[in-house]
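Student: Chains as they are written, first to last, in this note's numbering: chain Z, 1 to 412; chain S, 1 to 426.
Hints are computed from structural coordinates only; laboratory data are not their basis.
Treat the hints with care, as some may be off.
Said to hold, decoys possible - Partial list, computed: chain Z residues near chain S (C-beta under 7 Å):
1. Val64
2. Thr65
3. Ala69
4. Val192
5. Ile193
6. Met197
7. Phe200
8. Pro227
9. Ser231
10. Ile381
11. Ala386
12. Val390
Cβ atoms here follow ideal geometry from the backbone N, Cα and C, with glycine treated the same way.
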Amino acid sequence: MSDTREPKGDATPQSASSDASRNGDPRSRWDRVTGVGESASRALVVPALALVLALVVGAIIIMVTDVDAWRLMGEDPGAAIGDMLSGVWVAYRELFIGAFGSVRAISETLFTATPLILAGLAVAVGFRTGLFNIGARGQMFIGGLFALWVGLHVELPAFLHIPLALIAAIVGGGIWGGLAGFLKARTGAHEVITTIMLNFIAAFFVLYVLKTSIFQAEGSNIPQSAPILESARLVPIFGDQYRVNIGFFLALAAVFVVQWLLFRSTIGFEFRAAGFSPTASAYAGMNVAFLYTAVMFISGGLAGLAGATMTLGLPPYTVTSNFPGTIGFDAIALALLGRSHPYGVLAAGLLFGALIAGGRTMQAAAGVSVDLVIVMQALIIIFIAAPELVRAIFRLKPTETEPTQLTKGWGA
Amino acid sequence: MTTTIERTEAVEVRNRSTPEERRSTIVGWVLIALGVFVIIAFGIGVEAGADATFNLSLQTDRFQDLAWSVSARNLSIVLGVIIVGLGAWRLSRRALDWTNIALALGFSLFSLAFLAWAAAGSQFSLVGMLRSTVILSVVIVFGALTGLMCERVGVINIGIEGQLLASAFAGVVLSSAFGTVAGLVGALLTGALLGWLLAWLTIRFHVDQIIAGVVINFLALGLTSLMSARILTDVQSLNAPERIPSIRIPLLADIPVLGPMFFDHTFFVYGMFILVMAIHLGLFYTRWGLRSRSVGEHPKAADTAGINVYWVRYRNVILGGMIAGFGGAFLGLAQVARFEEDMTGGVGFIGLAAMIFGRWLPFGALGAGLVFGFARAVQQKISILNIGIPSEFLLMLPYVVTIIVVAGVVGKARPPAADGQPYIKQ
């Protein structure tokens with residue numbers, strides 16, 4: 001399943017079908033050993049090995065940064081190395097327990113995965129159309145802000161209030177994303193530059209409005225909102241003591257909707273066609289300018305939903321000025337790991353949800369900062385984006401080179 | 001593309017206006033609107049009598065107590081009229097080369113009127129703000145030059161932020177442990193290493209350049225935060241570098257206003273001006289520059305002419321990384337003099353913006369960096385003065401300007417032709 005990585009010059013949109021692997025690559029050693037269908041195993045082998053490598057490098061980092069063990073190194077190197085290894089064991093054990101070890105842990109994993117899946121879908125939809133949406137962060141800001149406004153100022157019963165807030169989030173995120181798509185379509189401004197810049201603009205805008213009377217809690221002087229109305233809060237699935245809420249079902253639904261949209265609908269076909277070759281699509285009579293704007297609206301809308309799950313679903317339901325955190329960038333790793341396929345993004349989102357939720361436990365119990373997860377994400381991206389590197393490390397038979405160029409130059 | 005077509009049409013049909021002429025008209029109307037705004041909002045609309053006092057000397061200066069008191073209202077009206085005049089001059093569509101200069105001048109006068117309005121009835125250290133403009137622009141300019149070195153050979157670098165952050169970390173830790181020189185060398189090598197990583201991933205493995213840049217940002221943020229939390233909080237002596245002192249240039253530093261602004265800084269600031277000049281000369285007057293630019297514009301032609309495209313790209317991207325290392329060292333060893341998690345806070349992306357705003361030119365990068373530095377200095381000032389203007393909007397300014405520039409509203413910036421394109425030797 002190398003369809004996100006085919007060279008952009010390929011002018012046949014038909015080859016975009018989800019499991020096409022028609023370039024006649026020789027089967028890798030892994031395929032011959034497992035006997036699994038080629039596309040299925042090729043879709044999984046590199047991500048799985050990337051994860052293994054990331055865990056190994058993470059272990060090395062934990063060992064190297066173990067200050068206490070280094071102090072012991074001069075006196076008793078054996079004990080010091082033993083300490084380091086046990087440090088790795090404790091950290092990874094706590095990470096696993098924090099991700100899967102209890103109902104609370106599973107709740108935290110699903111809760112953390114919710115916005116990740118939605119934002120990952122946002123980036124994946126962009127990739128499918130040949131657009132690199134780095135702006136999930138900004139779209140989360142604006143979408144989350146729109147949802148927050150509805151959550152604070154509209155009084156409705158919950159069964160109407162929540163959907164209205166979510167629609168507001170789609171509109172807000174969609175406008176922010178669609179703006180980048182529109183600029184690309186109309187002026188050729190590269191979406192990577194505009195979305196990066198829109199991220200910062202959104203961040204400062206949210207910082208500002210959270211200090212205005214529209215959002216700020218009365219008597220407060222920090223940029224933090226008043227608590228949203230109860231009817232707008234995303235309902236917890238397992239009761240109030242667990243944080244996972246109906247936002248997770250929303251993310252699951254989004255996965256299926258995006259799957260349908262991309263691979264079963266006409267406009268999805270046009271999106272993918274434009275991703276393969278804008279010129280061929282235009283020649284076939286598609287309105288590429290409209291497609292760019294539309295896909296960035298959809299992408300932004302998905303990211304906006306991710307933002308809404310952070311503003312409507314995070315106890316204590318008061319919103320602070322950096323509610324998207326690093327999710328907007330995690331989403332890029334997710335989309336790559338999931339091969340820009342909705343089901344892949346779902347799996348990758350659950351994995352990252354587990355890593356981050358477990359990472360928080362690891363930080364508290366083992367003293368290894370959750371920043372390790374950021375490093376591991378970076379490593380996963382490297383290994384996924386440079387499969388030759390993984391193949392070289394594991395001595396797998398090299399396949400034909402698959403350049404991962406997703407974007408064209410600024411001027412393109 | 002469209003502009004070239006329009007240009008040829010303009011030759012055929014004499015009475016249709018050229019893009020430059022239309023731009024001049026747009027700039028003219030923008031300036032007139034700006035001038036009218038200044039006259040109304042800062043001039044007529046304000047009560048008379050409040051004087052703004054601009055202090056023009058610092059405590060440390062040789063010539064003390066230089067100041068300029070002026071009625072904020074009258075000054076604004078005069079400046080507004082001048083801006084309107086500039087706009088009218090642009091509408092006349094004469095001397096088209098001066099459009100940018102008129103625009104820059106108009107916005108400078110606008111800034112002065114704004115400051116007078118903000119400082120009305122009180123004192124305001126103008127020279128202090130100009131000095132901090134220079135200081136705040138240093139990291140931005142180094143970041144922009146990093147991006148420029150890479151993009152001129154066709155490699156997009158959005159990992160500038162990570163390169164700055166990682167080299168600031170390395171500089172602080174090594175300087176604390178082994179002294180300033182070790183810190184500087186460590187910062188340069190860290191920058192070079194991350195530059196090499198970008199080049200290696202994109203050239204050897206054809207990794208998408210944007211993704212490689214994202215990876216560098218992730219790696220730098222994750223690793224420095226992790227090590228900061230795990231090591232620096234425990235061993236605090238590793239986060240206490242000696243601050244690099246300023247070098248006061250004799251005589252020149254005594255010039256009022258210009259002295260404190262330009263001639264009383266750490267060597268990083270002088271290095272910045274020298275580097276801008278050096279890259280400008282190198283890029284446009286040496287064999288190295290010609291080869292670099294040819295690789296960025298048309299790698300295949302360069303290859304055919306016998307230039308080793310891979311080597312040129314590796315070399316320039318690593319050099320770019322070292323420039324970021326220098327910028328990171330300034331941040332960690334001179335500006336802040338300690339390491340804090342995520343201490344770059346987006347300045348690398350402002351550098352990227354400055355490179356684009358400066359149209360991939362070294363002096364453009366310097367000018368854009370100073371403009372963005374000025375915006376930050378004003379933002380810091382007005383959040384202290386507390387005059388009711390949300391400082392967030394000034395913080396947004398570099399990003400908004402960049403979108404306007406890439407969208408071609410005020411003249412289109414053109415990147416190197418092969419920017420972002422991997423080159424695969426046949």
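Student: Is the shortest C-beta separation between Z:Ala386 and chain S less than 7 Å?
Tutor: holds (4 Å)
Student: Mind checking the CB of Z:Ile381 against every CB in chain S and telling me if the closest is under 7 Å?
Tutor: holds (5 Å)
Student: Should the interface hint for Z:Val192 be scored as holding, given a Cβ-Cβ cut-off of 7 Å against chain S?
Tutor: With a closest approach of 6 Å, the Z:Val192 hint holds.
Student: Verify the interface restraint on Z:Ser231: the C-beta must sit less than 7 Å from at least one C-beta of chain S.
Tutor: With Cβ-Cβ at 31 Å, over 7 Å, it is violated.
Student: Tell me if Z:Phe200 is really an interface residue toward chain S, meaning its C-beta lies closer than 7 Å to one of theirs.
Tutor: Nearest chain S Cβ about 5 Å off; hint holds.
Student: Does the CB of Z:Ala69 sit less than 7 Å away from some CB of chain S?
Tutor: This interface hint is violated because 11 Å lies over the 7 Å limit.
Student: Take the shortest C-beta to C-beta distance between Z:Pro227 and chain S; is it under 7 Å?
Tutor: violated (23 Å)
Student: Next item in the hint list is Z:Ile193. Is there a CB on chain S closer than 7 Å to its CB?
Tutor: holds (5 Å)
Student: Classify the hint on Z:Val64 as holds or violated, based on whether any CB of chain S lies nearer than 7 Å to its CB.
Tutor: violated (9 Å)
Student: Hint validation: Z:Val390 versus chain S, beta carbon distance must be below 7 Å. Holds or violated?
Tutor: violated (10 Å)
Student: May I ask you to test the interface hint for Z:Thr65 with respect to chain S, counting a Cβ-Cβ separation under 7 Å as satisfied?
Tutor: holds (5 Å)
Student: Should the hint that Z:Met197 touches chain S count as held when the rule is a Cβ pair under 7 Å?
Tutor: Z:Met197 check passes; min Cβ-Cβ to chain S is 4 Å, inside 7 Å.
The structure fails to meet hints 1, 3, 8, 9 and 12 from the earlier list, while all remaining hints are met.
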